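Participant: In our numbering, the protein residues as written are 1 to 146.
Be aware that a few hints might be false.
[Said to hold, decoys possible] Calculated cross-link-like contacts (lysine-lysine; reagent style DSBU-like; alpha-carbon spacing at most 30 Å):
| no. | residue 1 | residue 2 |
| --- | --- | --- |
| 1 | K90 | K47 |
| 2 | K67 | K137 |
| 3 | K74 | K43 |
| 4 | K74 | K137 |
| 5 | K67 | K43 |
| 6 | K137 | K90 |
| 7 | K67 | K39 |
| 8 | K137 | K43 |
| 9 | K74 | K90 |
| 10 | K51 | K39 |
| 11 | K47 | K67 |
| 12 | K137 | K47 |
| 13 | K74 | K47 |
| 14 | K51 | K137 |
| 15 | K67 | K51 |
| 16 | K74 | K51 |
| 17 | K90 | K39 |
| 18 | K137 | K39 |
Don't read these hints as lab results, they were simulated from the structure.
Predicted, not measured: the structure shown is a model, and the values here were computed from it.
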Amino acid sequence: MLKPTRTILALAAGSLVLGLVGAGTALADGAYGRHAIGKVVSKGPLKVRSKPTTHSQAVGHLQPHHKVEIECKKYGQSVDGNRIWYRLHKENGKDEHDKGEKDSWQNGGNQNADTGGRGEGDKAYGQEHWVAARYVKNLSTVHYCR
1 MLKPTRTILA LAAGSLVLGL VGAGTALADG AYGRHAIGKV VSKGPLKVRS
51 KPTTHSQAVG HLQPHHKVEI ECKKYGQSVD GNRIWYRLHK ENGKDEHDKG
101 EKDSWQNGGN QNADTGGRGE GDKAYGQEHW VAARYVKNLS TVHYCR
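Construct the entire structure; sequences and hints are all you get.
Facilitator: In structure tokens:
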């Protein structure tokens, strides 16, 4: 028995669309792995804190438009009506195109700042890095911290 041409074309088109959607998802996940992605939307440098409050120590800052990897989110001090804070991945969301440019992660030029003089570079040694969600637009789903 012959199937109508319309049915065959509809099935072929549906299969093609579903295949393309799956490929797009696979490509998007491969760029950063298991962490969510966010983009700094502040007008100036965004302070990175050791805890999810503005009263905690500033351990560095991120430049506007910089993409960051976000491990998770949790409630903290309200910043402009937003109580969500993002914990950054230890690599601070460095993109491949950032290599060779000045690092977007800065601590005011002191290489040993907040590292106890151990010379660990721009990142505080063994500290968590938090940013107020008010100034970071999440580009993918961010899960709550456990």
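Participant: Each hint: holds or not?
Facilitator: Comparing the hints with the structure gives:
no.: 1; hint: K90 with K47; in the structure: holds (16 Å)
no.: 2; hint: K67 with K137; in the structure: holds (9 Å)
no.: 3; hint: K74 with K43; in the structure: holds (23 Å)
no.: 4; hint: K74 with K137; in the structure: holds (15 Å)
no.: 5; hint: K67 with K43; in the structure: holds (15 Å)
no.: 6; hint: K137 with K90; in the structure: holds (19 Å)
no.: 7; hint: K67 with K39; in the structure: holds (4 Å)
no.: 8; hint: K137 with K43; in the structure: holds (13 Å)
no.: 9; hint: K74 with K90; in the structure: holds (17 Å)
no.: 10; hint: K51 with K39; in the structure: holds (20 Å)
no.: 11; hint: K47 with K67; in the structure: holds (15 Å)
no.: 12; hint: K137 with K47; in the structure: holds (15 Å)
no.: 13; hint: K74 with K47; in the structure: holds (17 Å)
no.: 14; hint: K51 with K137; in the structure: holds (19 Å)
no.: 15; hint: K67 with K51; in the structure: holds (20 Å)
no.: 16; hint: K74 with K51; in the structure: holds (11 Å)
no.: 17; hint: K90 with K39; in the structure: holds (16 Å)
no.: 18; hint: K137 with K39; in the structure: holds (5 Å)
Of the numbered hints given earlier, the model fails none.
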